[in-house]
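Quick mapping for you: the protein sequence lines, in order, are chains A and B. Counting along the first sequence from 1, when you hit position 552 you're at 552 in the working numbering, and nothing is skipped either side. Counting along the second sequence from 1, when you hit position 262 you're at 1262 in the working numbering, and nothing is skipped either side.
Don't read these hints as lab results, they were simulated from the structure. Note that CB positions come from ideal geometry on N, CA and C, so glycine has one too. Just to be clear, a hint being listed does not mean it is correct.
Restraint-style ranges between C-beta atoms, simulated for each label pair [stated by the list, open to error]:
1) Val405/A with Leu1253/B: 18 to 28 Å
2) Pro476/A with Thr1261/B: 58 to 68 Å
3) His63/A with Val1263/B: 46 to 56 Å
4) Arg90/A with Glu1084/B: 40 to 50 Å
5) Ala1166/B with Gly92/A: 20 to 30 Å
6) Arg9/A with Ala1166/B: 20 to 30 Å
7) Val1263/B with Asn91/A: 45 to 55 Å
8) Gly167/A with Gly1257/B: 52 to 62 Å
9) Ser32/A with Val1197/B: 30 to 40 Å
10) Pro1161/B with Lys479/A: 36 to 46 Å
11) Leu1253/B with Pro506/A: 14 to 24 Å
Below, a sample of chain B positions facing chain A; criterion: calculated Cβ distance under 10 Å [as the list claims (entries may be wrong)]:
12) Thr1011
13) Gln1016
14) Trp1020
15) Leu1038
16) Gly1040
17) Arg1044
18) Asn1049
19) Leu1052
20) Gln1057
21) Glu1076
22) Met1086
23) Lys1099
24) Ser1167
25) Cys1176
26) Ser1215
27) Ser1231
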Amino acid sequence: MHSADELFRVRQGLEKSVPQKGGVKDFMPDGSWIQGKQIEKFHEEREKVLAEPRVQKKCDYVHGLWTNESRLVEIEHEGKSFWKNMGFTRNGRKFLHPEEALFLMEMNVLQVWYNFLPMSIEGAYCRFLGPTLTLEFHQVYAHLRRMGYVVIRHRGKLASRYEREIGLDKYQKKKERQLGDPMTSSLLTKKNSIEELAQMEGLENCVTDKMCEHEKVAGEEIVASENSQIKMDCAASIEKAHSQETEIGGNEEMGSSLILQSHMNSIKDSAECLNDNVTSLSPVDDNILTTFKHSDATNSAFSSESRNASGFQYKSSAWDFRKIAFPNFGAECGDVIKIQRSESNLTPGHVVCELDCYDFNRMAHINKKKDKKKDLERDRKLKFSNNNSRFSSYQNSRNWSEYKVCLYNWRSNNWRQDQFPHLFADGLQPLVRPELATSTEAILQQLQVIKSSTKPPRNSKADPPAVLPHFDVYSPNKKFKKTNPGTPDFRVIVMRLIQTRCDESPPDLKTISDIDVYFDDDVPLHCAVVDAGTVMFNTLSFFTLPTEVSLG
Amino acid sequence: MSFDRGKTTITLINGQCFVWNSKQARFLREELRIVGTLCGSLPRAPMQNTHLGLPLQLMPEEVTLLLEKGLAEVVENTEDVITEEMKLEYKNKEKKSYKRQVELYTRERQEEIKRKLPQIIAGKKAKRNKVLDERRKNGEIIDDSEFEKEIEMTVEDVGIPTLQEASMLMEIPLACDPSTTTPVLVKWTYPKSDKEVLRYRVFRDLWDKGHYLTSGSKFGGDFIAYPGDPSRFHSLFIVVCKPHSASISGIELITMGRLGTNVKKTIVLSSVDENDKLCYTSLQWTGIS
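Please model the complete structure; the sequences and the hints are all you need to start from.
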């Protein structure tokens, strides 16, 4: 500890200049005096700068308390600067994660006390670092924080793609908020799982409670969300109707009729909803249809999966989409699509389906907008292209697919296979076959030796990957809210590089694609490699190489 | 501190080695050619990543070298049981510091007042004249000589508020307080596996030859070798350690060659042969044209 005199002197002449780094470097030591002098000066300055103490007025320090059991630092009064981006509240008390506390100590903002004595930075390193906080984790955290980013421990998937699209991610439900809370996610999952088991055993009280809760939540959501009115009502009303049919008599407490009325009002839309938003209903999944659990065994659409390996609690869906057959409107089976009435009545209560089978005429709904001028021009150009023999096939076909088929048939019929016998005789053959050289794109495709792996399709119902990112990083933003941070600007996985051991390797393609599929958003994933104090960031992202294809 | 004994104190925290003293860090670099990596924030400019501060993190090879040469010792900090005595001692220290700060503060203010005394007097005069002006405007007859009257003031006349205890200066110390922690010597067991042994052999040999060596992960190798202090010179070699009998694929050679060319450094493939001698092979990519 420095004496008062030294502290005073430091405070007086507080220099903010940073010592010069780099500059012009020499290539070889030439033993000259001036070189030696420069090096000596550098070391002197370096020693002085490194030895400077961290001084602050007593009232400007935030007072923190470390407890070994919780491995957290508790603070009573937050400072002016950092509480917006760091720390969390639990049971009305304010806490900081150990890496946040260590960072704030190095920033000369927080003073941590333990056993009535103040902690030094070395002491903090000794106490904070451990199985919950590795050195690499802290170094990456500090590195990003020093650059100015807002860094939070990874909170899992907060909103599905659908929720983001309809703007529901702005309104995080209380339970999800709790789940996202770093402290509860580890401490309370066990408790939750016991609760769930009890519910799944079909206690009616639970069901009714949950239904009421669901209505309340549904009510909130309806009040809260602006654009999603119809869709939300749709989903909730379907559920309501469904529950009405199956839970006959058991529930007098079907809840406030007010909410039910509002559902009924929009039920006119629900039939359209079903037809139009066929694809959108499937992502209306775990997150929106909340803790609504049917204990009814007759309900075949009960989804049993509500928990996954990592302990994150997902609300189970009342619908089992594997058993519900949605009609395929995109099928290429002509203009009229037959829709069968499904066994499980999915239409809302008072809507009665009389027909067993309904003919949906696609042509009646097809977009009959006139062709744009651009397309017409392009077609015209093709019409007068060089190959005269194609003219007839062009005239005979009604659309592009037919024309292509025509062309292919013409080619395979007219092309003489024996044009280049010497090329195709041996085992070593050209990659491009003349008869298949229909367009530039076709040629390029045949020339492609390295097959690009296709990015796996995104699936919002995917299980969380085995390896989750460690941090969610946000750009500095005045509007940042700890309780509702939104989608991060990028996510970081921390990896320790030990060159003599191979047990830790960078995330492989499967992990990266799993993460990409699971999170279902365009947030890049960075891999932070830490080796002996130096942090390096690498990004591994999917992109498709563009193929230049011109008309021809 | 053990530095008085002439040995550098290396603290082992969570499997990594740190040096917490700037004098020792300088000694390591200037005299012993051990560079290490700074990994803390710099107190005077904490929100940047180019210049970092203590602690200095050492590579395991560096630690083994220092131990072999008898120039350092690896310790672990064990916490003493905090007694009431210690708490009292700390409180006393704080009180003492506060008293001293009050003295220093008062003295500093006095010096400042002494320096600025003419300005203070001028200020007071202007204020008094303003008041007299007001009175004149209100109808009172005041003699002009009143305006010219000098004000007699000494340093003692100016009041100095006492430094509040809340405003006293405190510090977050860097290293552990020796009165409350006991360092305990720790057995250092690096290197163990074959790869580690090879790395250390190469490190030691290159260090003996006079190079400055740092971690090579920035350039995709095991070490980076500088002819002189890294602050002053560019590095010349990227050292890659390979077992002598290991085969290197064509792609690996091209990778290394290309990398070295792009950063203007020579790749040095280092290994230990059957006669337990170190052999180095440098790689140069000449390109196609």
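Structure-based check of each hint:
For Val405/A and Leu1253/B, the hinted distance range of 18 to 28 Å is not satisfied, since their beta carbons lie about 51 Å from each other. Distance hint for Pro476/A and Thr1261/B: a CB-CB separation of about 39 Å, inconsistent with the stated range 58 to 68 Å. Range check, His63/A to Val1263/B: about 48 Å between beta-carbon atoms, so the 46 to 56 Å window is met. The hinted range of 40 to 50 Å is not satisfied by Arg90/A and Glu1084/B, whose Cβ atoms lie roughly 31 Å apart.
For the pair Ala1166/B and Gly92/A, the beta carbons lie near 26 Å from each other, so the given range of 20 to 30 Å is met. Between Arg9/A and Ala1166/B the C-beta distance comes to about 21 Å, which sits within the given range of 20 to 30 Å. The supplied range of 45 to 55 Å is met by Val1263/B and Asn91/A, whose beta-carbon atoms lie about 54 Å from each other. For Gly167/A and Gly1257/B, the Cβ-Cβ distance of about 53 Å falls inside the hinted range of 52 to 62 Å, so the restraint holds.
The hinted range of 30 to 40 Å is satisfied by Ser32/A and Val1197/B, whose Cβ atoms lie roughly 39 Å apart. Take Pro1161/B and Lys479/A: their Cβ atoms lie about 41 Å apart, and the range 36 to 46 Å holds. Taking 14 to 24 Å as the suggested C-beta distance range, the pair Leu1253/B and Pro506/A conforms, at roughly 22 Å. A least Cβ separation of about 7 Å between Thr1011/B and chain A falls short of the 10 Å threshold, and the interface hint therefore holds.
Hint status for Gln1016/B: holds, given a least beta-carbon distance of 5 Å to chain A, under 10 Å. Given hint, Trp1020/B at the interface with chain A, holds; its Cβ is 5 Å from that chain's nearest Cβ, closer than 10 Å. At its closest, the beta carbon of Leu1038/B sits 7 Å from a beta carbon of chain A; the interface hint therefore holds under the 10 Å criterion. Hint status for Gly1040/B: holds, given a least beta-carbon distance of 6 Å to chain A, under 10 Å.
Interface restraint check for Arg1044/B: the shortest CB-CB distance to chain A comes to about 6 Å, inside 10 Å, so the restraint holds. The restraint placing Asn1049/B at the interface with chain A holds, with a minimum CB-CB distance near 5 Å, inside the 10 Å limit. Annotation: interface hint on Leu1052/B holds; nearest CB of chain A at approximately 8 Å, less than 10 Å. The beta carbon of Gln1057/B is positioned within 10 Å of a beta carbon in chain A (closest approach about 4 Å), and the interface hint is therefore held.
A least Cβ separation of about 8 Å between Glu1076/B and chain A falls short of the 10 Å threshold, and the interface hint therefore holds. Hint status for Met1086/B relative to chain A: holds, with the closest Cβ pair at about 7 Å, below 10 Å. This hint holds: Lys1099/B has a C-beta 8 Å from the nearest C-beta of chain A, less than the 10 Å allowed. For Ser1167/B, the shortest C-beta to C-beta distance to chain A is roughly 5 Å, which falls under 10 Å, so the interface hint holds.
Because the smallest distance between the Cβ of Cys1176/B and any Cβ of chain A comes to about 5 Å, under 10 Å, the interface hint for this residue holds. Residue-level restraint check for Ser1215/B holds (minimum Cβ-Cβ distance to chain A is 4 Å; threshold 10 Å). Of the supplied interface hints, the one on Ser1231/B holds, with its beta-carbon coming within about 5 Å of a beta-carbon of chain A, less than 10 Å.
When held up to the earlier numbered hints, the structure conflicts with 1, 2, 4 and fits the remainder.
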